[in-house]
Amino acid sequence: MAKLLNSNLIFIEFMGSGKSTVGRQLAKRLAYRFVDTDQLIESASGKSISELFTISEDYFRSWEFQICKSLQSSKQCIISTGGGLLTVEKTATLLKQIGPIIYLKASAQVLYNRVKHSTHRPLLQVSKPLETIESMLATRDTLYTSHADFVIDCDTLSVEAILNMILSEYDLT
Numbered sequence: 009m010a011k012l013l014n015s016n017l018i019f020i021e022f023m024g025s026g027k028s029t030v031g032r033q034l035a036k037r038l039a040y041r042f043v044d045t046d047q048l049i050e051s052a053s054g055k056s057i058s059e060l061f062t063i064s065e066d067y068f069r070s071w072e073f074q075i076c077k078s079l080q081s082s083k084q085c086i087i088s089t090g091g092g093l094l095t096v097e098k099t100a101t102l103l104k105q106i107g108p109i110i111y112l113k114a115s116a117q118v119l120y121n122r123v124k125h126s127t128h129r130p131l132l133q134v135s136k137p138l139e140t141i142e143s144m145l146a147t148r149d150t151l152y153t154s155h156a157d158f159v160i161d162c163d164t165l166s167v168e169a170i171l172n173m174i175l176s177e178y179d180l181t
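To convert, count from 1 in the sequence shown and add 8; that's the working numbering.
Misleading hints may appear alongside valid ones.
[Said to hold, decoys possible] Cross-link-like lysine-lysine pairs, in silico, BS3-like; alpha carbons within 30 angstroms at most:
(1) K55 x K136
(2) K36 x K77
(3) K136 x K124
(4) K77 x K98
No lab work stands behind these hints: they were computed from the structure. No experiment lies behind these values; they were computed from the predicted model shown.
Working from the sequences, and respecting the hints, build out all of it.
Below is the structure:
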């Protein structure tokens, strides 16, 4: 158990694991500010995530890095990151300096079931989205696990159970 004082908590995960839902509820419970890096990117760039990806993935990843830099002095924030943010090492290193990283882990099938009807996720605009999720998750799971300070398997847990695990792990009860 690690006692946090004025720190941030950062959620990483593949799309659909629940970081926004869990993050918003945790922020409310702790009276912290909820920050979604994708929303900050859209606001700062004036473009949607899909539009930025259309320019290039590298261009989008450079926006992620800039937004993380802007969060360096933040305190008492729950930060929800994009699923690929850790794929750029300098961004991952920067994120570790901002606060503990929590990986909300879920299986490819569970993720697919949660996001299959979404129309705003660029990675789902392919002919076989489940296979794409499985392939990307196979690569990213190792990446997420290696950077995470705390891993929660979310396949069968309720939001309340996940919140309680985080509150207990970081002595925030």
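Verification of the supplied hints:
1. K55 x K136: holds (26 angstroms)
2. K36 x K77: OK: K36 and K77 at ~24 angstroms, within 30 angstroms.
3. K136 x K124: holds (11 angstroms)
4. K77 x K98: holds (10 angstroms)
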